[in-house]
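Line by line, the protein sequences give chains A and B. Just so we're aligned: the first sequence equals residues 3 to 300 in our numbering. Just so we're aligned: the second sequence equals residues 85 to 365 in our numbering.
Everything labelled a hint here was simulated from the structure, so no lab data went into it. All C-beta atoms, glycine included, are put in the ideal place defined by N, C-alpha and C. A few of these clues could be false.
[As the list claims (entries may be wrong)] Which stretches of chain A does chain B cover? Using the computed rule of at least three CB atoms under 8 Å from a CB of chain B, they are:
{"no.": "1", "region": "10 to 23"}
{"no.": "2", "region": "52 to 63"}
{"no.": "3", "region": "94 to 106"}
{"no.": "4", "region": "119 to 126"}
{"no.": "5", "region": "265 to 273"}
[Said to hold, decoys possible] Below 27 Å or equal to it, Euclidean Cα-Cα: the simulated DSS-like pairs (lysine-lysine) are:
{"no.": "6", "chain 1": "A", "residue 1": "K16", "chain 2": "B", "residue 2": "K183"}
{"no.": "7", "chain 1": "B", "residue 1": "K96", "chain 2": "A", "residue 2": "K193"}
{"no.": "8", "chain 1": "A", "residue 1": "K199", "chain 2": "B", "residue 2": "K96"}
{"no.": "9", "chain 1": "A", "residue 1": "K105", "chain 2": "B", "residue 2": "K89"}
[Stated by the list, open to error] Anything over 12 Å on all C-beta distances counts as not near chain A; from chain B, calculated:
{"no.": "10", "residue": "T103"}
{"no.": "11", "residue": "I130"}
{"no.": "12", "residue": "S131"}
{"no.": "13", "residue": "G135"}
{"no.": "14", "residue": "L147"}
{"no.": "15", "residue": "V217"}
{"no.": "16", "residue": "V247"}
{"no.": "17", "residue": "P248"}
{"no.": "18", "residue": "E250"}
{"no.": "19", "residue": "L251"}
{"no.": "20", "residue": "S302"}
{"no.": "21", "residue": "D303"}
{"no.": "22", "residue": "L309"}
{"no.": "23", "residue": "E311"}
{"no.": "24", "residue": "V328"}
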Amino acid sequence: MQKLRLLTDKIISKLMLLFTVASVSVLFVIGIGLYYKSIPILNKLSWGQLLGSSVWKPFKGLFGFFPYIMGTLWVTGIAIIIALPLCILTSLYIIEYAPSWLKRFLIPFVNLLSGIPPVIFGVWGVLFIIPLIQTYIAPHFVAYSTGYSVLAGGIVLAVMIFPLIVSIVNEVLRTMPQELKDASLALGATKWETIKKVILRKALPGIIAATVLAISRAFGETIAVLMVCGNNPVVPHSVFDTGYPLPALIANNYGDMMSIPLYDSALMFAALLLFAIILIFNIISRVILTRLERRMAG
Amino acid sequence: MTRRKLEEQFFKLLMILATILVSGSFFLIVGTIFYKGVPYMNWDMISKTPGGGFYIGKEGGVLNAIIGSMYIAGGATILGLFISIPVAIFINMYMDGKKFLLDTLRMVFDVLFGIPSIVYGAFGFLLMIYFGVRASLLGGIIAVTLLVIPILVRTLDEVIRTVPGELRDAALALGSTRWETAKVVLRAIKPGIYTAVLLSFGRAIGDVASVLFTAGFSDNIPTSLHEPAATLPLAIFFQLGSPVAEVQGRGYASALILTIVVLVITLLSELLLKRSYKNKI
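Pulled out of the complex, with its shape left as it was, chain A reads as follows (with noise of 0.2 Å):
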């Protein structure tokens, strides 16, 4: 019986390592799996080709990839300029500022916007956002627009990374000392030169680590923005330009892949590259956190 119930526990924690390792495993395969499907297209266009190039003839083999980085980039630096003042004037407000019962009721509701499935953020942008720009904004600055722009792109993805930015900037606010506070408003400080001159200051490392982690989930975002942003494979200019960001790329043209040689190894060299970036943006937000945390505690 003694024998049987340590059997029992050896035997289930080498299945749960085993759990364990192949799960933590799918990291790698991913990674491997992505880069073994792009090497005929690493081996056909040199990196400068594929980055640098705007020219997109999958029936010639021509793959560049410059509009559609473009695209993302213009997306998601949009994106970053709207929502982190808001989110950080947010959170400064619900931690700093909001009555208690107030707090209660405002951290679950920037909680329901995280719920919410991206295709519906979609269907938000194109009925509320798309005629927005074309019949209030693009106006002022432009002839004529259709709505569907870089810039619809970029709202969507705001609010997408709004419950991400506060409830990570929100975390960071809590953890600030209470002395530090104390001993700057003793000094004569208002409420508010303390937030600019002391705690913003030493929230800083958090609040880049809440960028790098929105900017990759931005970064990443596919139905959402493929819904609003136009999708014309040229580099945007302005923010009433189209775009086409590198998940919609994928998204859209999966359908046709296997018929054309090379074009599903272009389209995996896309994914390879969300990846990676994603990958590296992730790992360094994850350690400004983890080492604030540590300091925190420690």
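With chain A's structure known, arrange chain B on it following the hints.
Positioned in the frame of chain A, the structure of chain B alone reads:
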């Protein structure tokens, strides 16, 4: 002096405006979906599969997509749970003293959590080509399982960490093995497991990019794992892309269905979280 006060007032106002905008965007989105979706909502939408002329505006509904989504999200969550419960227990109970390895493992799951669903979709597609599986319910479930494992592991890990160490110590001191102790811990985190399941299900049912390549699309309700399955988000996407106004309207109604499902799931998980906190001392 007044300038400093003014600055304080100005920024406080700015913060309030930002907060209204950020928390208000939830109402804006849900409001828009309700406003546009309710006029097209009817019983047929949720009780019928697409009829012959569905895509030119004739009769039918999206029952195929609702069932397909339920199958995929349910299957992936169950399969994911089978994998993530052992993982969460292993990293919490069998790795004492291996701090560096533990931190690295947690980091890997954090990173996996950050990998976008389109990459899981593309990878799932590669797996399917490799094993010769065609776009099907099975393919969709596998891709979505990969997507939800990090969510489940992270949530379960966090919940297990809140279990008081004394509980474990007591079980161990009574002579139980680590696995028997794990069973005690599992009983203690039951509400947490429900929360993890809801989170995972909510994410799985709303995701498009992972099922786009892997699950295919079909007007019929799948009867076996090898048949292609429609999913609700993908149905919304297709209907919205249609030039026929009636079909677009059904897209809004489908969006309304998905929004309601997801809101109910999120509210349930919030309530569960509240209850599990109440039970704590």
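Structure-based check of each hint:
1. Chain B is given as covering the region 10 to 23 of chain A, and this holds because 9 residues of the stretch bring a CB closer than 8 Å to a CB of that chain, at least three being needed.
2. Residue count for the region 52 to 63 of chain A with a Cβ under 8 Å from a Cβ of chain B: 0. That is fewer than the three needed, and the coverage hint is violated.
3. A count of 5 residues in the region 94 to 106 of chain A with a Cβ less than 8 Å from any Cβ of chain B is obtained; the coverage claim is therefore met, three being the minimum.
4. Coverage of the region 119 to 126 of chain A by chain B holds [criterion: at least 3 residues with CB-CB distance below 8 Å; count 8].
5. Counting residues of the region 265 to 273 of chain A whose CB lies closer than 8 Å to any CB of chain B gives 3, which reaches the minimum of 3, so the coverage claim holds.
6. Taking the CA atoms of K16(A) and K183(B), the gap is about 19 Å. The hint holds against a cut of 27 Å.
7. At roughly 10 Å between alpha-carbon atoms, K96(B) and K193(A) fall within 27 Å of each other, so this suggested pair holds.
8. Restraint check: the Cα-Cα separation between K199(A) and K96(B) comes to about 16 Å, which is no more than 27 Å; the hinted pair holds.
9. For a cut-off of 27 Å, the pair hint linking K105(A) to K89(B) stands: about 25 Å separates their Cα positions.
10. Non-interface call for T103(B) relative to chain A: violated, since the shortest CB-CB distance, roughly 5 Å, does not exceed 12 Å.
11. No Cβ of chain A comes within 12 Å of the Cβ of I130(B); the nearest lies about 17 Å off, and the non-interface call holds.
12. The claim that S131(B) lies off the interface holds: its Cβ sits roughly 22 Å from the closest Cβ of chain A, which is beyond the 12 Å cut-off.
13. No beta-carbon of chain A is positioned within 12 Å of the beta-carbon of G135(B); the least distance is around 23 Å.
14. A cut-off of 12 Å between C-beta atoms confirms that L147(B) is not in contact with chain A; the least separation is 18 Å.
15. V217(B), annotated as away from the interface, keeps every beta carbon of chain A farther than 12 Å; the closest lies near 15 Å.
16. Against chain A, the non-interface label of V247(B) holds: every CB pair exceeds 12 Å, the least being about 17 Å.
17. With a least beta-carbon separation of about 18 Å from chain A, P248(B) lies farther than 12 Å from that chain, consistent with its non-interface assignment.
18. Even its closest Cβ contact with chain A, about 20 Å, leaves E250(B) beyond 12 Å, as expected for a residue assigned away from the interface.
19. Separation of L251(B) from chain A is adequate, the least Cβ-Cβ distance of about 18 Å exceeding the 12 Å criterion.
20. Every CB of chain A is more than 12 Å from the CB of S302(B) (nearest about 15 Å), matching its label as outside the interface.
21. For D303(B), the condition that its CB be more than 12 Å from all CB atoms of chain A holds, with the nearest at approximately 18 Å.
22. With a cut of 12 Å on Cβ distances, L309(B) stays outside the contact zone with chain A, its closest approach being about 21 Å.
23. Residue placement check: E311(B) keeps its beta carbon more than 12 Å from all beta carbons of chain A (closest about 19 Å).
24. Look at V328(B): its CB is around 15 Å from the nearest CB on chain A, clear of 12 Å, so calling it non-interface holds up.
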